[in-house]
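Model the full structure from these sequences, guided by the hints.
No gaps in the numbering here: position 2 of the sequence shown is 1 in numbering that gives the first Met the number 0, and each next residue is one more.
Think of the hints as simulated: they come from the structure by calculation, not from any bench.
One thing to keep in mind: the hints can contain errors.
[Unchecked claim] Here are the computed lysine-lysine pairs in the DSSO-like style, where the Cα-Cα straight-line distance is at most 30 Å:
id : residue 1 : residue 2
1  : K28       : K112
2  : K294      : K28
3  : K278      : K262
4  : K278      : K130
5  : K262      : K300
6  : K300      : K40
7  : K285      : K300
8  : K204      : K262
9  : K294      : K278
10 : K278      : K204
11 : K130      : K294
12 : K300      : K204
13 : K300      : K130
14 : K28       : K130
15 : K278      : K300
16 : K28       : K285
17 : K40       : K204
18 : K40       : K28
19 : K40       : K294
[Unchecked claim] Across the chosen pairs, the derived CB separations fall in these ranges:
id : residue 1 : residue 2 : range
20 : T249      : A111      : 40 to 50 Å
21 : V69       : G238      : 21 to 31 Å
22 : L181      : H48       : 15 to 25 Å
23 : G210      : L165      : 34 to 44 Å
24 : V54       : A186      : 18 to 28 Å
25 : A111      : H201      : 19 to 29 Å
26 : D198      : T249      : 12 to 22 Å
Bear in mind the structure is a predicted one, so any value in this text is a computation, not a measurement.
Positions of the beta carbon are idealized from the N, C-alpha and C atoms, including for glycine.
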Amino acid sequence: MQNIQRVLVTGGAGFIGSASVDLLLQQEKQVVVLDNLYSGKLENLPLQHPNLEFVEGDILEYSLVENLLVGCDAVLHLAAIPSVPFSIDNPIYTFQVNTQGFLHVLQAVHQAKRSIRLVYASSAAVYGDVKSLPCRDDELLTSQPLSPYALQKWQCEEYANLYVHLHQLPSLGLRYFNVYGLRQDPASPYSGVITRFLDAYHQEKELTVFGDGMQSRDFIHVSDVARANVFALQSHFAGAVNIATGSQETLLQLIDYISQAGKHAAQIEFQPARIGDIKESYAAVKLAEQHLGFKYTVSLKDGISRFFVTA
0 MQNIQRVLVT
10 GGAGFIGSAS
20 VDLLLQQEKQ
30 VVVLDNLYSG
40 KLENLPLQHP
50 NLEFVEGDIL
60 EYSLVENLLV
70 GCDAVLHLAA
80 IPSVPFSIDN
90 PIYTFQVNTQ
100 GFLHVLQAVH
110 QAKRSIRLVY
120 ASSAAVYGDV
130 KSLPCRDDEL
140 LTSQPLSPYA
150 LQKWQCEEYA
160 NLYVHLHQLP
170 SLGLRYFNVY
180 GLRQDPASPY
190 SGVITRFLDA
200 YHQEKELTVF
210 GDGMQSRDFI
220 HVSDVARANV
230 FALQSHFAGA
240 VNIATGSQET
250 LLQLIDYISQ
260 AGKHAAQIEF
270 QPARIGDIKE
280 SYAAVKLAEQ
290 HLGFKYTVSL
300 KDGISRFFVT
310 A
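Okay, here's the thing in structure tokens:
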């Protein structure tokens, strides 16, 4: 197990980042957060915590990333624009943030000339529209990426593999499946389907479903993802692993859980399916269980109910 004491978290004011920062602080780690606040929010962070340092800045500023690594023994790289539709409309900008930004972090860790544990956010999107399920993280990727975002995350994994070959720099990519939970902003174009559904439900608006609603996803609660991130930082395992539950739920089942938790039936508006969307997806999870000691704890039904307890 890695003995980490000081962690740089890029994108640490965001949805997954702030949940991970909370957990690291609970474990009495020193945490440096780098975030440009493009989608992250200061109110997501306990800014008065003595072990937290916040720096407003961008991963595209290479010298800044280099400087912030001084004294750190681990990096959790979460800064990204995690949106398929936004990447289709803005492929150049998302390439700069998602691929070039990761390369800045990777190169800065290499140039530090000392052992720094690097864990970074990949995505289930790298699997594309797979021919067979579950999505296996113990096999080489063979599917065609369906969006610029998917391609960019695949490029990150390939750069990570290249740095192992060229510089003997191991790292671990976490292929997050569909993450949901508190602090996910429904107004954000990067927000997940659950947050958008809940926002519409609370406003008594129709829930927009693209396609027939039978498309399935492997939904995982952000508290479990934060746990996986910390387990990954403490692990020596390198490569890429799925972070998921290993099960799938359809959008119609998700809407039923919302209706049950909210005590009235949700109204649905069906729209044509969107380009780039995957029909079904769920993960093989044995690698994460074996090498990180990670297994999810929050079911989708329980996770949905948490929104209504805090509402």
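> Looking back at the numbered hints, which does the structure fail to meet, lowest number first?
Replying inline: 14 and 25
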